[in-house]
Amino acid sequence: DAGVTQSPTHLIKTRGQQVTLRCSPKSGHDTVSWYQQALGQGPQFIFQYYEEEERQRGNFPDRFSGHQFPNYSSELNVNALLLGDSALYLCASSPGTRLAKNIQYFGAGTRLSVL
Amino acid sequence: ILNVEQSPQSLHVQEGDSTNFTCSFPSSNFYALHWYRWETAKSPEALFVMTLNGDEKKKGRISATLNTKEGYSYLYIKGSQPEDSATYLCAFSGGGSYIPTFGRGTSLIVHP
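Just so you know, the protein sequences line up as chains A and B, in that order. Heads up: the first sequence begins at 1 in my numbering, then just goes up one per residue. Heads up: the second sequence begins at 116 in my numbering, then just goes up one per residue.
Hints are supplied without guarantee of correctness; some may be wrong.
What the hints assert, rightly or not - Okay, derived cross-link-like pairs now, BS3-like style, lysine-lysine, Cα gap no bigger than 30 Å in a straight line:
(1) A:K13 to B:K173
(2) A:K26 to B:K184
(3) A:K101 to B:K174
(4) B:K173 to A:K26
(5) B:K184 to A:K13
For the record, the hints were derived by calculation from the structure and aren't laboratory data.
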C-alpha cells in the first residue's frame, strides 16, 4: 500500500514565477491538507481539500491556491513567488476532515527554493 | 496566534539512556494533541493522538502523557537506541480552532 507521495522532491524557481506541487494521498483517504515548513519553524497549515473543495484555510495569502481531483489527489499552486516562499511543502492525507482527531499521514515533502 | 513551545530544542544522549521532552500549549479550549516522529529525509510519522486530560499512550519504548489543565505533554523514550534519532514534533488543536499548530520540534540524536 503506497503511502502519501509528493512530486517533485526538489524545485528551483525565480521570484515572480508560478509553481505547482502535487500530492497523491494514501489509499482510502479522501482528505488532503497542505503545510509549509520554513527553515527553523514547525509546519504551518495552508489549507485542506475534501470533496474537491477547499474546506479550511490557514493564514496564507490568495497567491496560494489548490485543487483536488476526483481521485482525491491534490495540487498546490503558488503564484508570484517571493523569496520567503522558499520552504519544505508537506502534504498530509487523512480519512475525513477532522484535523484535530484524525491521524494525518504525511508525504516526504517538496523542497522549493526561490531565487 | 497560538503559542506551542517544545523543549529542549535539541538533545544528545547515549544509547541506553532514557530521555524526555516537553510540549507546552495554551491551557484553554483544548481539542487534541498529536506527537510525530520525523526522521531525516523521511515523512513525519504519527506517534500518538491525545484528546483527554490525563491520557497516557505507549508505543514500544515511547510513551506520552497529557495535562490539558496546565498545558503540557511529555514524551518519554526508555532505553534510547540510535534508530530513535529523529525530530519529534507536537501539534496542538484548540483555542477555538481545529487547525493544528505545530511546535518547532525537539531534535534527538542517540549516540552508539
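Right, here's what the structure says about each hint:
| no. | hint | result |
| --- | --- | --- |
| 1 | A:K13 to B:K173 | violated, 43 Å |
| 2 | A:K26 to B:K184 | violated, 35 Å |
| 3 | A:K101 to B:K174 | holds, 18 Å |
| 4 | B:K173 to A:K26 | holds, 25 Å |
| 5 | B:K184 to A:K13 | violated, 46 Å |
Hints 1, 2, 5 from the list above are not met by this structure, while the remaining hints are.
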